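K.L.:
Residues per chain are reported as follows:
4 protein chains.
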Amino acid sequence: MKSDKIKKIAVLTSGGDAPGMNAAIRAVVRACTYYEVACFGVFRGFQGLMEGDLKEMGPRDVKYIISKGGTILKSARSKEFMTKEGRKKAHHTIEKYGIDALIIIGGDGSFTGGMLLSKEFNLPVIGIPGTIDNDIYGTSHTIGYDTALNTVIDAVDKIRDTATSHKRIFFVEVMGRDAGFIALNSGIGAGAEEILIPEENIGLPKLLEKLKRSKASGKSSCIVIVAEGEKSGKNVFELSDYVEEHLPEYDVRVSVIGHIQRGGSPSCFDRVLASRSGVAAVEALLKGKKNIMIGLQNDLMAYTPLEKAIKGENKIDEELIRISDILSI
Amino acid sequence: MKSDKIKKIAVLTSGGDAPGMNAAIRAVVRACTYYEVACFGVFRGFQGLMEGDLKEMGPRDVKYIISKGGTILKSARSKEFMTKEGRKKAHHTIEKYGIDALIIIGGDGSFTGGMLLSKEFNLPVIGIPGTIDNDIYGTSHTIGYDTALNTVIDAVDKIRDTATSHKRIFFVEVMGRDAGFIALNSGIGAGAEEILIPEENIGLPKLLEKLKRSKASGKSSCIVIVAEGEKSGKNVFELSDYVEEHLPEYDVRVSVIGHIQRGGSPSCFDRVLASRSGVAAVEALLKGKKNIMIGLQNDLMAYTPLEKAIKGENKIDEELIRISDILSI
Amino acid sequence: MKSDKIKKIAVLTSGGDAPGMNAAIRAVVRACTYYEVACFGVFRGFQGLMEGDLKEMGPRDVKYIISKGGTILKSARSKEFMTKEGRKKAHHTIEKYGIDALIIIGGDGSFTGGMLLSKEFNLPVIGIPGTIDNDIYGTSHTIGYDTALNTVIDAVDKIRDTATSHKRIFFVEVMGRDAGFIALNSGIGAGAEEILIPEENIGLPKLLEKLKRSKASGKSSCIVIVAEGEKSGKNVFELSDYVEEHLPEYDVRVSVIGHIQRGGSPSCFDRVLASRSGVAAVEALLKGKKNIMIGLQNDLMAYTPLEKAIKGENKIDEELIRISDILSI
Amino acid sequence: MKSDKIKKIAVLTSGGDAPGMNAAIRAVVRACTYYEVACFGVFRGFQGLMEGDLKEMGPRDVKYIISKGGTILKSARSKEFMTKEGRKKAHHTIEKYGIDALIIIGGDGSFTGGMLLSKEFNLPVIGIPGTIDNDIYGTSHTIGYDTALNTVIDAVDKIRDTATSHKRIFFVEVMGRDAGFIALNSGIGAGAEEILIPEENIGLPKLLEKLKRSKASGKSSCIVIVAEGEKSGKNVFELSDYVEEHLPEYDVRVSVIGHIQRGGSPSCFDRVLASRSGVAAVEALLKGKKNIMIGLQNDLMAYTPLEKAIKGENKIDEELIRISDILSI
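Chains as they are written, first to last, in the numbering used here: chain B, 1 to 329; chain G, 1 to 329; chain V, 1 to 329; chain C, 1 to 329.
Only chain B is shown next, with the shape it has when bound in the complex:
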């Protein structure tokens, strides 16, 4: 594959970091080498693009990073880039280095930034969805999501050990401000007794009722997975207080899984997905594609217009709520 127009590609990571971003960077860099295209790694996302903080990368520069969490290119959220002035600076870097196209590994905020750049300066942009939240339209799985799920169930398995030893209820907060993907899937995977997600507000009375039923059924511990953005109107500590007040005979604890969800060596699933996505991104550019997102659909690589990816919404599988109810019996 060869293209007259695409001789130099830049790649950056932007927004919250996710395990597998390094695997995607590696795939972009090596696919560039394979197709004899120059590849520049941009540091600290759009901020680095504005500041000219980038370097050419070859295949040995990305050795062994496939197994490492985080992103060797660093990430950042840049306010300045959201201004026209900021993007002019970024374009200046692009011109200076003769960069023909940009690959952005990140979430929809990052894609929005990329779209602006693309429109204003006619730069081909490709998005690779990298975020643990899985809340991006046009792909069944975002890079980092599978790893985050495994991190969560590993943590909840540990919490289950102590919960069972002491016959306790645990409210466990997991990431997900807008979407319940992590909560719902890790909740089923961890065998949680209840799962609270933004997409469904079961109401506090029903929560109490379910906890009572759970104890009555002979269970010696109870795990409630709580997505950050769930809609009860109470945060995880307030939920715990509420339950302690209404069910004083219960011993309730809170655990906030927190930032460990963003780190760690990526799972095989994420490494393979990131590897495929990175290659697909480079090949899409060489085929003349632009302003699309690379995604996974029915286990195959698929393109989605970047605009659609930004505006669309990835819906949780409601069937899983039903499954969770059945299995927590």
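No lab work stands behind these hints, which were simulated from the structure alone. Hints may contain errors.
If chains are identical, the list can't say which one is meant, so a pair holds when it fits in one copy or spans any two.
Straight-line distance between alpha carbons at most 25 angstroms, and here's what the computed PhoX-like set of lysine-lysine pairs gives [said to hold, decoys possible]:
hint, residue 1, residue 2
1, K308, K287
2, K290, K311
3, K210, K63
4, K89, K55
5, K96, K119
6, K79, K215
7, K206, K63
8, K79, K219
9, K7, K89
10, K63, K215
11, K212, K63
12, K287, K2
13, K167, K63
14, K206, K167
15, K2, K210
16, K96, K79
In this text, all values refer to a predicted model and were calculated from it rather than measured experimentally.
Chains G, V and C: place on chain B using the hints.
P.N.:
Positioned in the frame of chain B, the structure of chains G, V and C alone reads:
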């Protein structure tokens, strides 16, 4: 959901064990409770069915097993069951306990046994694909496969540490007598320099050439993933000897990952897949389905006639071979 | 080994659970079998002893628990047992079952309860130190401590991934209300830039100065490990706010590791320590010892009078503070 | 601390790599920075010293390596260095760079090389014991040993899952050509039914007898840990064949854990030990010590004359054999 015909369901695990089998058992048992159907757990697969080694199970009998490797119902390969006499014994148990349907968690050998029982005694049978090998038609993922991949890359990451420290070539054997799923995906995930699978024989000269190219490119270690069933005509130790003979300046080692691939706490992916499959199996029976396999297709639960699942072949994604070549540059 | 006086031993776990308690229970039970002494497992600590919640256990009852976190005997904190009335009830159980001696796996609170029982009713009691906090006199390592350290560094390694990607400061709270063992050792193990422990109050100005020096030295992230009981007068969130206020150019985050520190499969160190301790406890009783704690001193099993173990204080190795300072340069 | 004589220190890793070597390198480099001594990292052990393959290292050159397996300085076994000619080359490098002392992280083979260099050219040498085998006199724990134990029990826990599911006997080979440390401790930690080590030959008839007793006691699986160097005269595969022949009703399998034992992120214990050892090595040089090994004795850093460390033998704790017998009941 209710059925006049399905009042008692038996479930067994058969063939090689796989992580997530316990999660599937749990899901079958709890879905039965949910739908007010009696559930019998049969020990040691068809052997236990012949011997009447089974017990009724309730939701508390499967507590906490979602996170455990292996199968609490044990597994076995039964020669006797492959005879008509053997199956008569199994049917005797079925009659004695008034069992209306059987759910089999296992691979295609186990499904074949189930089909025979179904045909000879008109017993509704449902298959749930549980094997680390992913070599079953009708599902994109078998239960246990994702966990095995993570176990392999974790092992290869460790081997990479020592390989790089000593600038060595490692031949790493992974499971897969008939199919290269584990080798191909774990190979990409581990960033292997070469992957040998049953589906593609690259030939020994090409292997040598690739190893030389790998060293010339400046790599300080080299991992070759070898599926058990690959077609070079040499086993992993012979391959190592062959390379040492032809490239005497290389320091070559062998590692056989072995049975650790079958064990371990299942990944979130496998736990969710097993949970969904177990519920789907019970619901399929209640809807009057029989002799089908529950599978995952395009991320949704799907039915495949058991006969088709047995005869069909799950093909590896050849695209991944291409990806692997690009990324090992 | 045989004793005329010790024919029936009871074992219980008490206080906060710790990984390796199951391995200790297994060792007690199997050592009893080996020496032909009956062994009773008491559920829910002293509460279960008062309520007569116990059962005789044989070697197969403890199979496979060596690798499991938590305690199969459950644990509890009992207020009633702290009254004379409560202990009379416990003694009633002891009389009823003809129990000759009691082995208590727990922390110094639990040992205090045991001492009271021993004095009031002349019952031989042996303590096995099981707590993640390592704050017990008479042993270099308590059961669960090594596992907790590994859990913490695994979590902090993950946090480091995201901290480095975003150039952030993280305040990471670990367990340790009264002692800095976990903080100090995990802090060194995780390569933390600063460690705040109850035993040493460096003061807030010095903290700021160290963070500034850390950034000036070119570090792209900064981890501060904070023991729950450290003495700055601020909790981990307030510390974070304080730093953000005084160093507004820093991006600061908080992570509370929490209850995952109590769970998980025990490390080999903890399993071996628990195994040795359990056998030593039974053998001590058969040798006529009483009211002692089994501990690890210079890698050997050692006895400490229970009273001394309760009153004494396990001091942190101050040398480690110095090491940490040198290594965070 | 300051020394007129020690202004430049070189550090190298030699022999088989072990987890924690990087943590030791980091500690040496940073302690040098702290004490304002120049530090040179030598690549590929003595081979690199002969070839002049070294570079000056500062504190940022060792960032984040505390959590990484392997050795960033690489390791090698050098035949040439074992000749006088070879050592002259090494000395040439030392003269050329003005190196005042050498820190060697490795096993006793590496220390022997260091001693020769020291005697022939009057160069102060310090040894840090880094090997997974724990077979070095003068230290209770070598760097890497604790991590290797955890890797082994993690692997055996996985094997136990499948062994139990199929009621199998597994012979599991672990490292240890001359010493049974890994086998004995991991065997106890994994709850092995039998442990075969170089230090004790129980004989094949007794092995058969123990396996029979194990099955008779109702155990549904059996794990035999076999050190590479055990003395039955049969390797692990021959042992398996022998048992299958004499106990044909048993289903026997073999697993060779292999090189994964050398890799992986080091445990907290190994990271702290390596950190302390690296600092102690630099400080020992500044205090004028030479030709000693830094070790852990009674949880404290201790010096052992290098010659004694080489000649002495670290003995296994025979008490553990007794414990293992009791606990496998």
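K.L.:
Taking 25 angstroms as the upper bound on the Cα-Cα distance, should K206 and K167 be classified as within, between, both, or neither?
P.N.:
within (21 angstroms within a copy, 43 angstroms between copies)
K.L.:
What label fits K2 with K210 when the C-alpha limit is 25 angstroms: within, between, both, or neither?
P.N.:
Intra 60 angstroms, inter 24 angstroms, cutoff 25 angstroms: inter-copy only.
K.L.:
State whether the alpha carbon distance between K308 and K287 is at most 25 angstroms within one copy, between copies, both, or neither.
P.N.:
within (20 angstroms within a copy, 38 angstroms between copies)
K.L.:
Have a look at K7 and K89 and pick one of within, between, both or neither, based on CA distance no larger than 25 angstroms.
P.N.:
within (22 angstroms within a copy, 48 angstroms between copies)
K.L.:
Are the CA atoms of K96 and K119 at most 25 angstroms apart within a copy, between copies, both, or neither?
P.N.:
Result: close within a single copy only, 19 angstroms intra versus 59 angstroms inter.
K.L.:
At most 25 angstroms between C-alpha atoms: does K79 with K219 qualify within a copy, between copies, both, or neither?
P.N.:
Result: close only across copies, 24 angstroms inter versus 50 angstroms intra.
K.L.:
Checking K212 and K63: alpha-carbon separation at most 25 angstroms within a copy, between copies, both or neither?
P.N.:
between (53 angstroms within a copy, 18 angstroms between copies)
K.L.:
Between the shortest in-copy and the shortest cross-copy C-alpha distance, which are at most 25 angstroms for K287 and K2: within, between, both, or neither?
P.N.:
within (8 angstroms within a copy, 54 angstroms between copies)
K.L.:
I want to check one pair: K79 and K215. Are their C-alpha atoms no more than 25 angstroms apart within a copy, between two copies, both, or neither?
P.N.:
between (49 angstroms within a copy, 23 angstroms between copies)
K.L.:
State whether the alpha carbon distance between K210 and K63 is at most 25 angstroms within one copy, between copies, both, or neither.
P.N.:
Between. Shortest inter-copy distance 17 angstroms satisfies the 25 angstroms Cα cut-off; intra-copy 50 angstroms does not.
K.L.:
At 25 angstroms max between alpha carbons, let me know whether K167 reaches K63 within a copy, between copies, both or neither.
P.N.:
Answer is between; shortest inter-copy Cα gap is 14 angstroms, intra-copy 47 angstroms.
K.L.:
Pop the pair K63 and K215 into one bin, within, between, both or neither, using alpha-carbon distances up to 25 angstroms.
P.N.:
between (51 angstroms within a copy, 13 angstroms between copies)
The structure fails none of the hints (numbered hints given earlier).
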